[in-house]
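Each chain is listed here by its residues.
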Amino acid sequence: MWLCDSSIGRKVVMSVTGIALVLFLTFHASMNIVALFSAEGYNMICEFLGSNWYAVAATLALAALVVIHIVYAFWLTMQNRRARGSNRYDVTARPEKVEWASQNMLVLGIIVVLGLLLHLFNFWYNMMFAELVGNPTMGGLEATDGFGYIVQTFSCPVYTVLYVIWLLALWFHLTHGFWSAIQTLGWNGKVWFNRWRVIGNIYVTIVILMFLVVALAFSFCPGCMGGESGQLMMSQPACIEGVCF
Amino acid sequence: MEKNISFKLRFWRQNGPKDKGHFDEREMKDIPGDTSFLEMLDILNEQLIEEGKEPFVFDHDCREGICGMCSLYINGTPHGKTERGATTCQLYMRRFNDGDTITVEPWRSAGFPVIKDCMVDRSAFDKIIQAGGYVTVRTGQPQDANAILIPKEKADEAMDCATCIGCGACVAACKNGSAMLFVSSKVSQLALLPQGRPEAARRAKAMIAKMDELGFGNCTNTRACEAVCPKNESIANIARLNREFIKAKLDD
Amino acid sequence: MAKIIDSRIPEGPVAEKWTNYKAHQKLVNPANKRRLDIIVVGTGLAGASAAASLGEMGFKVFNFCIQDSPRRAHSIAAQGGINAAKNYQNDGDSVYRLFYDTVKGGDYRAREANVYRLAEVSNNIIDQCVAQGVPFAREYGGMLANRSFGGAQVSRTFYAKGQTGQQLLLGAYSALSCQVNAGTVKLFTRYEMMDLVIIDGRARGIIARNLVTGKLERFAAHAVVIATGGYGNTYFLSTNAMGCNCSAAMQCYRKGAYFANPAYVQIHPTCIPVHGDKQSKLTLMSESLRNDGRIWVPKKLEDAKALQAGTKKGSDIPEEDRDYYLERRYPAFGNLVPRDVASRAAKERCDKGFGVNNTGLAVFLDFSESIERLGIDQVLQRYGNLFDMYEEITDVNPGKLANEINGVKYYNPMMIYPAIHYTMGGIWVDYELQTSIKGLFAIGECNFSDHGANRLGASALMQGLADGYFVLPYTIQNYLADQITVPRFSTDLPEFEQAEKEVRDRINHLMGIKGKESVDSIHKKLGHIMWEYVGMGRTEEGLKKALTLLKEIRKEFETNLFIPGTTEGVNVELEKAWRLNDFITMGELIAYDALNRNESCGGHFREEYQTEEGEAKRDDENYFYVSCWEYQGSDDVPPVLYKEPLVYEAIKVQTRNYKS
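Protein sequence lines correspond, in order, to chains A, B and C.
If you're matching positions, the first sequence starts at 1 in the working numbering and goes up one per residue.
If you're matching positions, the second sequence starts at 1 in the working numbering and goes up one per residue.
If you're matching positions, the third sequence starts at 1 in the working numbering and goes up one per residue.
Extracted from the complex, chain A is given alone in its bound form:
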């Protein structure tokens, strides 16, 4: 199968999974924005994406994408290290043209994965997983109270810092990943090269900003979030207790 046994095929797998994940991030970021304006609305989405068969199926598909992306990343890196040979250059100079991110995609990817694990622990474990195991209040709040979990998580400055680092790594990863995926799929050329880079950078920056805004807003002014329904929820004290380790 050429997607496994040819170099371009393997890269195509990276690209396609990568693009799919970018699309997921876009959706996720848009969803998060809702939390800024309406706690109720946000929680409705959370409920919608609870332990329904379609949401679980989508989650499994998503997980599969992530796993494939990661497995291929390690596989490619191992092959590339072998191709590089055992002798290293004594002196190296990175040409200006070469982005730092492009040469450190695996490291960035690992940071992203670590962030992802934290994120799953903070949210998914308490929400979808809690529903799946039939213990909806496992995390202290209702499993569908996504808004509550956001407030809870970002009430802890350590988490905020970790999330910011995570998002930054993700941004670097994606600035290279976006046009690189297009390039690998062959939709590039001398003219489109710069266009794709600009489009990619803008797009990725917007997505990451959307995440960042939510994280920072909830850290610094949780009280102003979620519109009227947010105010209502914030008045329930359970919300803030027992977090931050």
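These aren't lab readings, by the way, just hints derived from the structure by calculation.
By construction, the Cβ of each residue, glycine as well, lies at the ideal position given by its N, Cα and C atoms.
Take the hints with a grain of salt, since some may be wrong.
[Said to hold, decoys possible] One-sided excerpt, in silico: chain A residues whose CB lies under 7 Å from chain B: (1) W2; (2) L76; (3) Q79; (4) A83; (5) P95; (6) S180; (7) N188; (8) G189.
[Stated by the list, open to error] Sample of chain C residues lacking proximity to chain B, with all beta carbon distances greater than 10 Å (derived): (9) Q128; (10) K313; (11) D351; (12) E404; (13) V486.
[As the list claims (entries may be wrong)] Stretch by stretch, here's where chain A covers chain B in the computed footprint (C-beta under 8 Å, at least three residues): (14) 74-81; (15) 101-111; (16) 218-226; (17) 241-250.
Since chain A is already given, all that's left is putting chains B and C on it; use the hints.
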């Protein structure tokens, strides 16, 4: 008149692919600025021979930047650093300063085993071309040359792709040891021309299969190859190769 | 002991000879081709195209080169273009005209029949290369573009930017690669031919040295083809690549192949001048620059003095004080006179003291007028890469505005000076490209070829590919047709044993000298003598002196050479020493021939034989022949000369005139 410079030269010595290798050092004195880098190495070798030592071995031939034989990794850049791209033989000492330390290494990549010192074995490139880097045409009486019309833009672009000299700087610079820029330049040249179209799918598949088989790495689009290519080959070629390859595979 | 030199030219009018030959020659049937082996030494235009074509026909081919890949052969460095009589420009070109121009350009010292054949197949070459995917320059309509070149009044040169040789070689290399893939050609890279093996008077194999392991290996075949290029590096400084050598040719010469016309050495007018004693090679700036560049020196001696002292720059000298000496002397051809004429004219000016750099050995090549006429963009499109190359080497940008005097804009001129570039002489071959040793063929620059005493620009590529694609693959069959019953040879035969032993002994001898001089330092001395006495202007006295000095060089080589390292593995110095040995022999051969030829023609200029205006004076009465030199068993014995008389049927021999 330009002034002469003195500097410390660190050059790689390695006796065969299995040897571990090490750097030798030497103070080079009063080298004129209009000496080419390879002429500077000639001076080094004259000195070494005079002392009864074996000369420093490196590949070189035409010394005008077209044969692709010279292959030195100088101060962290294949062929040394220039603005518009040049081979080692086109690098002049005026680009260095008095008191510099200049480090000379071979191409380091599993695909290019060291033969001696900085001379490496690049026969893998020949094997990739042999796998399909040609238009199959019998010597004899093909149609009149002007019977194949090729728009100037296409011909010029194909020419740019065909300018690749097969020096291997792209592989040397790539942290993945990938030969994609080399392969894509040949595939692009022939894919752009009508003469090359009939075999385009077969060619892309065969050359990539051979490249993979020979142990070159997977391209991760770092653009290091493009940045150091002495002939300014573009990674647009790599996109074209990807396109040709994916199309060929999807058609299967 | 005058031997009859038979060039085996077919019967009939010159225009029909090749057709007649092909119609009547013997062929080898496909089944038999598989049983015949051919060794091709060299992978340049001639070697690669021959190996590819022979392999494709079904012969089993062994192809050798000294570089790490066939694509490195020095054909790759040819810049300008390739001639063909296509008449795509509708400017009156024809096969006959290309033939005529080539014979005339060669100062009437070429073999008519060969040149006509060359002109005839020139068109096939273009078709072949285009079919291979060679990206020749095109016009907007998609048709092939042409440019003009020295020595012709039509535009018949096809080109691919300034890298025509590269593109043609890569075309031949791709054809070769295709055959390697098909299994018909076996490729041996980093192998150097060390000797020719002759069995019963026929070339049957070679001894080659694996340059990586240092081992000597034997290869047998039914025929041997050498395509190993010219001997320009005899002069140490030349535009040839560092690895170019004449060793394979010298081995054939020592085994009895005649060497023809060694004195015909082409000096290219547009090279970057020598800058210092550490220089290893000279860089050619394409002759195509002469299309739009104007060559000049100052009119006034004091301006030249100032230029030499560095107190003035070329752009400081206004139009009226410039002497465009080529345009002045040769109004009809101007800056586009043939190479030998342009080179000598530059030497003449510099000898008179008008040289323009610190050594006094340079003239200007100026683009001010064409930049004004065409605009800088147009000029850069044509010559941009050459300008870049020039700037990289000299730190001067010829496309840069440098001065304005009285409203006239002056750009930085390039400096150029003639340098050894190509050798018209070579192994003598007959019409079939077979040498005087049966079964040994020589093609490309390596043979004495079709260029007579001087080669026109863009003709070397034409000849290399003509020999390799379209001539040798036919003519070699005429030889091989009666070899089909000869079984493959064993490399254990005593002839192989003997040849290998001789090579080994010679290598051990060289390694054992253990003197003080490096190969390069002796080579530089050789080059000095050659350039000084056997270079652009030769005299009887100088040539005799050169022969004496060369004896001394030989002695120094034999007694004071030092090669570090061992015979095992890579030993670059040993390779160079082996080649230098042959360069010394070659140097003597050039001098003997130059001394014999008491006339001036093409690339051979004897100062005693010139007109009052300083033009070459030929002597058709006494020297209308090809000099064929035979080795006499030792490098210390002068070679013996045989003459192949030239017979001209189609062309009337005239004095070359580029004035009107």
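Comparing the hints with the structure gives:
no.	hint	in the structure
1	W2	5 Å, holds
2	L76	5 Å, holds
3	Q79	6 Å, holds
4	A83	3 Å, holds
5	P95	4 Å, holds
6	S180	4 Å, holds
7	N188	4 Å, holds
8	G189	5 Å, holds
9	Q128	6 Å, violated
10	K313	14 Å, holds
11	D351	25 Å, holds
12	E404	27 Å, holds
13	V486	25 Å, holds
14	74-81	holds (count 4)
15	101-111	holds (count 6)
16	218-226	holds (count 8)
17	241-250	holds (count 8)
Hint 9 from the earlier list is the only one contradicted by this structure; the remaining hints agree with it.
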